[in-house]
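Peer 1: Each chain, written out:
Number of protein chains: 2
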Amino acid sequence: MEEVWHTRVVTDVAPPRRRGRPRDADLEDRVFDAVLEVYSETSWRGFTLDAVGRRARVGRAALYRRWASKDDLLVQALEARSPLPVPIDTGDLRSDLVELARQLLQGYRTTPGLVSLRVALDARVNPELLARLTHTLNKSRLLAARTIVHRAVERGDLPPDTSATLLLELVTGAVLSHALFALTTPEPAEDDAYAELVVETTVRGLRPAP
Amino acid sequence: MEEVWHTRVVTDVAPPRRRGRPRDADLEDRVFDAVLEVYSETSWRGFTLDAVGRRARVGRAALYRRWASKDDLLVQALEARSPLPVPIDTGDLRSDLVELARQLLQGYRTTPGLVSLRVALDARVNPELLARLTHTLNKSRLLAARTIVHRAVERGDLPPDTSATLLLELVTGAVLSHALFALTTPEPAEDDAYAELVVETTVRGLRPAP
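Heads up: the sequence lines are chains A and B, in that order. Under the UniProt record's numbering, the letters of the first sequence match residues 1 to 210, in that order. Under the UniProt record's numbering, the letters of the second sequence match residues 1 to 210, in that order.
Calculated from the structure, these hints are not laboratory results. Since the model is a prediction, treat every value here as computed from it, not as a measurement. Some clues are possibly wrong.
Simulated coverage check for chain B against chain A, where a stretch passes if three residues somewhere in it have a Cβ under 8 Å from a Cβ of chain A [as the list claims (entries may be wrong)]:
# : stretch
1 : 38-49
2 : 55-67
3 : 112-119
4 : 170-177
5 : 192-204
Here are the in silico distance ranges between beta carbons for each label pair [claimed, not checked]:
# : chain 1 : residue 1 : chain 2 : residue 2 : range
6 : B       : Thr165    : A       : Arg207    : 22 to 28 Å
7 : B       : Asp161    : A       : Pro188    : 44 to 50 Å
8 : A       : Ala68     : B       : Asp50     : 29 to 35 Å
Yeah, the Cβ is synthetic: ideal placement off N, Cα and C, and Gly gets one too.
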């Protein structure tokens, strides 16, 4: 395994479709893939620049030249691989929330989604290291939920005092439990039906009894 | 660190209150504590009998004599440290669910609760190893929810076709998100208020519109 620690970047092992791309973008791709793989198999403690370098076949010096710390590397890999959700604005509360639930559920079925969950768990053990990172990862989700609730309140579809946090925790939480504890991976159509059921129940719950 | 690998059990480092307990119970206590600590800091991959032995100051031979595999050790430690929830039967649907939500929320704030979540995450990466274990860990929770729903349906408090799984995923999911993504640990009274809010919303959502 010594060889992979050469500082020379082994560009000739890259898949053919990447030919002609800038050398750095190719390095970055391999490194970000390796970050997610290593983190999804281990945790904050097992996630080291050395382990990433071995997996990505990138030299230690090249890694350290580019990323100052494992925090930086993790944040950048997650940002690159979990693009921000497309802003949701269908004009209808239920459709907005179903789309949010579907995006979250699909997200939790991917490696970046599992890594985000691992980071949140690791933050419970190492709050001083990871609390800021977890906060950053959650902010866009909370912002999406707030925007949806705000518009629904303006349209009169939800009471003015609706808690966006409660709504988000019910919807996120249900799809998270569903993705985490189910033994099988369902068909996409089943995920869609589940997203609708969760949203229907939550919206009915958030409206005051007539 | 070599010394701790002696097969002799170092009983004289045990806290005084354990004096007089059988040697084996004392060994088990230290090992189970170490299992939860090591697993909560690492993951399935980092959780090795060697790491547990070092943390518990128990010799490798003593560990292997008693536990055949790391599966066995993990299951036994989780069963010993996360006692089954006390059966909940207050006579009222909302009170039953609030008690369930409180138990789950408090559970997720403890090391055994975090370890159970880690096991569920690790099962997504290593299904062949951990799916059975995750299933076992969830069974008692699902059984508790089913019993509560069944009684509520008999009393006429919920429609007969209420899904216990959906109810459990909404309640568990919300408290799980709440415990996992919040930056601060709230006072117990705040947790109780949150449990009530989640249950109120979920029960209203599960009842058909009049």
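Peer 1: Look at each hint and say if it fits the structure.
Peer 2: Results for each hint:
Restraint check on the stretch 38-49 of chain B versus chain A: 6 residues with Cβ-Cβ distances below 8 Å, three needed, restraint holds. Interface restraint, the stretch 55-67 of chain B with chain A: violated (0 residues with C-beta to C-beta distance below 8 Å; minimum three). For the stretch 112-119 of chain B, the stated coverage by chain A is satisfied: 3 residues place a CB nearer than 8 Å to a CB of that chain, which reaches the threshold of 3. Residue count for the stretch 170-177 of chain B with a Cβ under 8 Å from a Cβ of chain A: 7. That meets the three needed, and the coverage hint holds.
Coverage of the stretch 192-204 of chain B by chain A holds. Counting CB-CB distances below 8 Å, 7 residues qualify, and the rule asks for three or more. Here the CB-CB span from B:Thr165 to A:Arg207 is close to 23 Å, well matched to the stated 22 to 28 Å. As the Cβ distance of B:Asp161 to A:Pro188 is approximately 25 Å, the hint placing it in 44 to 50 Å is violated. For the pair A:Ala68 and B:Asp50, the beta carbons lie near 32 Å from each other, so the given range of 29 to 35 Å is met.
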